[in-house]
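J.: Use the sequences and the hints to build the structure in full.
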Amino acid sequence: MAIVVDKNRLTLNRVHPGSSVKIEYLEQSPLKERLMSMGLVPGTVIKVLRSAPLGDPMAISVRSYNLSLRLNDAEKIIVAPKV
Amino acid sequence: MATLSIALTGNPNTGKSTIFNELTGIRQKIGNWPGVTVDKKMGYVNHKDRAISIVDLPGTYSINARSPEEQIVIDYLLNERPDIVVDVVDSSNIERNLFLTLQLLEHRIPVLIDLNMMDEATKRGLKISSKKLSELIGMPVVETVGRSNKSTRKLLDIFTSTVMNSYQNSELIEKHINAVETIRAGAGEHDIKEEKIISLRYDLIDKIIAVIVDKNGVASTTTTEKIDRFLANGFIALPILLLLLYGVFEITFTWIGQPIADFLNFAINTWFSGIVDDALSTIGVAAWLQSLVVNGVIAGVGSVLTFVPLIFTLFFCLSFLDGTGYMARVAFIMDPIMRRAGLTGKGVMPLIMGFGCGVPAIMGARALDSEKDRMISILVTPFLTCGAKLPVMALFAAVFFPQNASNVVFVMYIIGIVMAIIMAKVLTVTTFKDKQSSFLLELPPYRIPDMKTVLLETWDKGKGYLVKAGTIIFAMSVLIWFLSNYNLSGPTDEMTESFLAYLGAAISHLFTFQGFDTWQAGAAVITGVVAKEAVISTMGILYNVGDVADDTVDAANQMMTALGGSFTALSAFAFMVFTQLYSPCVTALGTIKKETGRWKWLFFAFAYTTAVAWVVSLLVYQIGRLIGF
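Sequence order for the protein chains is F and Y. Quick note: the first sequence, position 23, residue 23 per the working numbering, numbers continuous. Quick note: the second sequence, position 249, residue 249 per the working numbering, numbers continuous.
Hints listed in this document are in silico derivations from the structure and should not be mistaken for laboratory results. Wrong hints could be hidden among the right ones.
[Stated by the list, open to error] No more than 16 Å apart at the CA atoms, straight line, and that leaves these computed lysine to aspartate or glutamate pairs for EDC-like:
#1 F:32 with Y:194
#2 Y:150 with Y:135
#3 Y:127 with Y:95
#4 Y:29 with Y:457
#5 Y:40 with Y:457
#6 Y:175 with Y:135
#7 Y:196 with Y:181
#8 Y:40 with Y:595
#9 F:47 with F:33
#10 Y:593 with Y:371
#11 Y:193 with F:75
#12 F:32 with Y:371
#13 Y:594 with Y:135
#14 Y:175 with Y:203
#15 F:32 with Y:135
#16 Y:196 with F:27
#17 Y:154 with Y:171
#18 Y:48 with Y:157
#19 F:32 with Y:191
#20 F:47 with Y:225
#21 F:76 with F:27
#22 Y:196 with F:24
#23 Y:196 with F:33
#24 Y:132 with Y:206
#25 F:47 with Y:442
T.: Put into structure tokens, the structure is as follows:
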């Protein structure tokens, strides 16, 4: 299967620490409903805090609390730079 | 008047359990919810002549009934209809917390909202109006601050004076419920509709927040964030983690736990045992009874009791660290390593407990998200060097490797850890290969732990060990005493002719290729299944060393002569490896049955660990011989 890379598509795992982004949408995944219940719904602003010392998982700040998730789960979250 | 029933609900990390502990203190009962391994915490308190019962429901982010915890919360609230449902909200994190609140209101469950941690919210520059929140949703709202006895006790006054029937959802909430019901009744896939409803809830939350929270003056960097730049960031985080864990083990095994354990050992095995022995001699009871009490019961139960200080100290340290919020960072840092073994970062905490005692470690696996993570964690815990294996390792190392004793003990720890990792990986790719595991973990704000909660948790985790000393070990001490003092023709003075000697001789053939096929070793292996520490006391008795438990150095000297004849350094090493890895003790096996609900897993845990131990000790002995030890 060919993988189509959309140049305009930014996923959460590629966002640099310190940057804030806005959630566009979430791709289907077993975690999707849990992520949304914890406040990661389209339109929500996320600040990327850091990667764990060994590179994975990552820590984000969302709705005034901190959450950690693995990079391959973060890849399912499509974001846009916060204007 | 009838008992007033209160149910506490709320997200994890809101201080809900602290409130529960503060209100009920030691008047609480921890049990199980029927059919699932989730703690059920009930507490009782009298206030102004009113009997109040409080249940601390599991902390959940939502009540979608996707996990056993969520199922328990919603079932309990809908079926039991408690007089007051308290929704404990972390004010510094009010947005996400209100999600659960809205779900409760959608079920038309009236809630008393407790805006907890108000002090933290204020410190972060958030001004929250509880009055406006109450007006907007139609429910009563109270404020409390974290870790304040006074502020929490005030809740009791509110409980006895609040009549929940007099409150109902506001128009705003009813309109929201209508919108939710319209989506549910409409066309479309279930999941898509649920996602729409989730977005709808956060839309409403955003509106509510805009009215009730004044975010002017919010500090851009929180204290937690500043601490995390040290503790969870870059490569400095790893050495800090190791240092902290090293500190925990130092406190447990050197500074506090061990000195108390040594004292207890003296008090029970020398002082108390001596007094009872003299007393029984004076009264003139039968010799067999005196022997049963002194050598069987006191020695057996005493050997377990002396580990109690070690275990309680370790659990106190771990509960304390957990209370600060640091354990979530340990999971965050360790996740990639644990993941390689097929586990998740959250599995670190129960495994660390396994160095104290396997029983709470196996029970601690409850906190893990998926069935697969729980099972693997439960099945690999027995490989770790628990507090009861440590004295066996220490003694054998002192006897056979006097120059390198602590290094050899350290190697045993490593062998246990490595086998746990390898078997976790093997179980992941064989038995549980289709099961998903995920890692989504809140990093809660750093807090100073509530001492009452830390102590209650320590007690809750450690008490299983006391129960074990009082029940199983008591019974088994009697059994082993009987087996080692009797044979088919009745009592025998020669232990070499006892039941235990025959049994030991029978199974010793299994260890021909491991170099320790003596009946004494065989008997020690049998008693070791009862309790690992029994390996030493059995050998002490069988080699007629006398009271080996007195102190390690003397015992080592005595053991040296006794063991030297039947073990070489290499076969002793193989025996240590076998003891490190083989079957968990009966208490741990019983816990495995209880936690998994199936006998199958008890037998599996017994058989596969013993098989692994047999193979690894064989390899150690044979390879060791080849390379000339």
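J.: Are the hints correct? Go through all of them and say.
T.: Hint check results:
Pair hint residue 32 of chain F plus residue 194 of chain Y holds up; C-alpha atoms about 11 Å apart against a cutoff of 16 Å. Under the criterion of a C-alpha separation no larger than 16 Å, the hint pairing residue 150 of chain Y with residue 135 of chain Y is inconsistent with the structure, at around 26 Å. Pair hint residue 127 of chain Y plus residue 95 of chain Y holds up; C-alpha atoms about 13 Å apart against a cutoff of 16 Å. The suggested pairing of residue 29 of chain Y with residue 457 of chain Y holds, with an alpha-carbon distance near 12 Å, which does not exceed 16 Å.
For the hint pairing residue 40 of chain Y with residue 457 of chain Y, the CA-to-CA distance comes to about 14 Å; that is within 16 Å, so the pair holds. As the CA atoms of residue 175 of chain Y and residue 135 of chain Y are separated by approximately 15 Å, the hinted pair is consistent with the 16 Å bound. With a CA separation close to 11 Å, the supplied pair residue 196 of chain Y and residue 181 of chain Y stays within the 16 Å bound. Our distance criterion of 16 Å between C-alpha atoms is met by residue 40 of chain Y and residue 595 of chain Y, whose separation comes to about 14 Å.
Between residue 47 of chain F and residue 33 of chain F the CA atoms are separated by roughly 20 Å; this puts the pair beyond 16 Å, and the hint is violated. Of the supplied pair hints, the one linking residue 593 of chain Y and residue 371 of chain Y holds, its CA atoms being roughly 15 Å apart against a limit of 16 Å. Only pairs whose Cα atoms come within 16 Å are accepted, and residue 193 of chain Y paired with residue 75 of chain F is rejected, the gap being roughly 23 Å. The hinted pair formed by residue 32 of chain F and residue 371 of chain Y fails the criterion: a straight-line CA distance of about 19 Å is larger than 16 Å.
Annotation: proposed proximity of residue 594 of chain Y to residue 135 of chain Y is violated, straight-line Cα distance about 48 Å (limit 16 Å). Annotation: proposed proximity of residue 175 of chain Y to residue 203 of chain Y holds, straight-line Cα distance about 13 Å (limit 16 Å). For the hint pairing residue 32 of chain F with residue 135 of chain Y, the CA-to-CA distance comes to about 33 Å; that exceeds 16 Å, so the pair is violated. For the proposed pair residue 196 of chain Y and residue 27 of chain F, the alpha carbon gap of about 14 Å is at most 16 Å, so the pair holds.
For the given pair, residue 154 of chain Y sits about 30 Å from residue 171 of chain Y by alpha-carbon distance, which is inconsistent with the 16 Å threshold. Only pairs whose Cα atoms come within 16 Å are accepted, and residue 48 of chain Y paired with residue 157 of chain Y is accepted, the gap being roughly 8 Å. A hinted pair counts as satisfied when its Cα atoms are at most 16 Å apart, and residue 32 of chain F with residue 191 of chain Y qualifies at roughly 10 Å. Simply put, residue 47 of chain F and residue 225 of chain Y have alpha-carbon atoms about 12 Å apart, close enough for the 16 Å limit, and the pair holds.
A C-alpha spacing of about 5 Å is found between residue 76 of chain F and residue 27 of chain F, which places the hinted pair at or below 16 Å, so the restraint holds. For the suggested pair residue 196 of chain Y and residue 24 of chain F, the alpha carbons sit about 14 Å apart, so the restraint of at most 16 Å is met. At roughly 10 Å between alpha-carbon atoms, residue 196 of chain Y and residue 33 of chain F fall within 16 Å of each other, so this suggested pair holds. Only pairs whose Cα atoms come within 16 Å are accepted, and residue 132 of chain Y paired with residue 206 of chain Y is accepted, the gap being roughly 14 Å.
Using a Cα cut-off of 16 Å, the hinted pair residue 47 of chain F and residue 442 of chain Y holds, with the two alpha carbons roughly 15 Å apart.
Of the numbered hints listed earlier, those contradicted by the structure are 2, 9, 11, 12, 13, 15, 17.
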